[in-house]
Amino acid sequence: MSEQPILIVEDEAPIREMLNLALSKAGFIVTEAADVRQAQTLIFNQLPKLILLDWMLPNKVSGIEFARQLKKEPQTQEIPIIMLTARGEESDKIRGLEVGADDYVTKPFSPRELVARIKAVLRRASTHSEGEQLAVNELRLDPNEHRVTIAGQEVQMGPTEFRLLYFFMRHPERVYSRSQVLDQVWGGNVYIEERTVDVHIRRLRKALADHNYDYLIQTVRGVGYRFSTRE
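Numbering (our numbering), first residue to last: -10 to 220.
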């Protein structure tokens, strides 16, 4: 599975270019978004390791509001956020931290200082997430390494299937409707068809089927899906 990137959400192209260059030189993989809509698409395709989020963004949704949304959603609430802003007042910094930002960097800033802060935030995040590996029989899921193995063999699956499996393994034996799965795995602010869940459930089962573990993802007719060890 590919390494998780750092996502830059910034509407000014020169700043995105400068950040991308500095982070790439520091050894990070980088993706970029100019607004919240682009950021949501990138996050849906692959959860980032950390988000650099500009306070002022176009198209009505501010960075501070987007941070609030991210921290409310189960699949994104653990992603560290560093706010980037020209607003240096103490009240603004407190507001950013209160919505869940992990750090706050005021423009203009030194790229070297920002890289150091990113590394510090990632160290804290990795410490907080230790011990969260999940296991059922010989199935192992490690959210820190973004890796799934069965009997020691790595199981290849897409990022959405990984999030689905992570969610189900954390909530075994409970039945969820398609709409509930959408809310929990995709987030309530993402507008997609409920049948999309069926597509990714099939892909997840296919990934597990090579190891005879597809039976764990069960259909409850007329209701939805559950993760269960009871065949």
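Think of the hints as simulated: they come from the structure by calculation, not from any bench.
None of these values were measured; they are calculated from a predicted model.
Any given hint might turn out to be false.
Claimed, not checked - Derived pair list, reagent style DSS-like, types lysine-lysine, alpha-carbon separation capped at 27 Å:
1) 14 with 38
2) 49 with 96
3) 96 with 108
4) 96 with 14
5) 61 with 38
6) 96 with 60
7) 38 with 49
8) 96 with 38
9) 108 with 60
10) 108 with 38
11) 49 with 14
12) 108 with 61
13) 195 with 60
14) 61 with 49
Is the straight-line distance between the alpha-carbon of residue 108 and that of residue 38 27 Å or less? holds, 11 Å
Does residue 60 sit within 27 Å of residue 96, going by the straight-line distance between their CA atoms? holds, 24 Å
Residue 49 and residue 14: Cα distance at most 27 Å? This hinted pair is violated, its Cα atoms lying about 33 Å apart.
Would the hint linking residue 108 and residue 61 be met if the CA-CA limit is 27 Å? holds, 24 Å
Taking 27 Å as the top limit, are the C-alpha atoms of residue 195 and residue 60 close enough? violated, 31 Å
Going straight from one Cα to the other, do residue 108 and residue 60 come out at no more than 27 Å? Holds, at roughly 20 Å.
Take a quick look at whether residue 96 and residue 14 sit within 27 Å of each other, Cα to Cα. holds, 20 Å
Straight-line alpha-carbon gap residue 61 to residue 49, limit 27 Å: Since the Cα atoms of residue 61 and residue 49 sit roughly 19 Å apart, the hinted pair holds (cutoff 27 Å).
Holds or violated: residue 49 and residue 96, Cα atoms, limit 27 Å. holds, 21 Å
Would you mind confirming whether the straight-line C-alpha gap from residue 96 to residue 108 stays at or under 27 Å? holds, 19 Å
Checking one constraint from the list: CA of residue 96 to CA of residue 38, max 27 Å. Satisfied? With Cα atoms ~22 Å apart, residue 96 and residue 38 stay inside 27 Å; holds.
Within 27 Å, alpha carbon to alpha carbon, are residue 38 and residue 49? Holds: residue 38 and residue 49 sit about 26 Å apart, inside 27 Å.
Of the hints listed earlier, those the structure fails to meet are numbers 11 and 13, in rising order.
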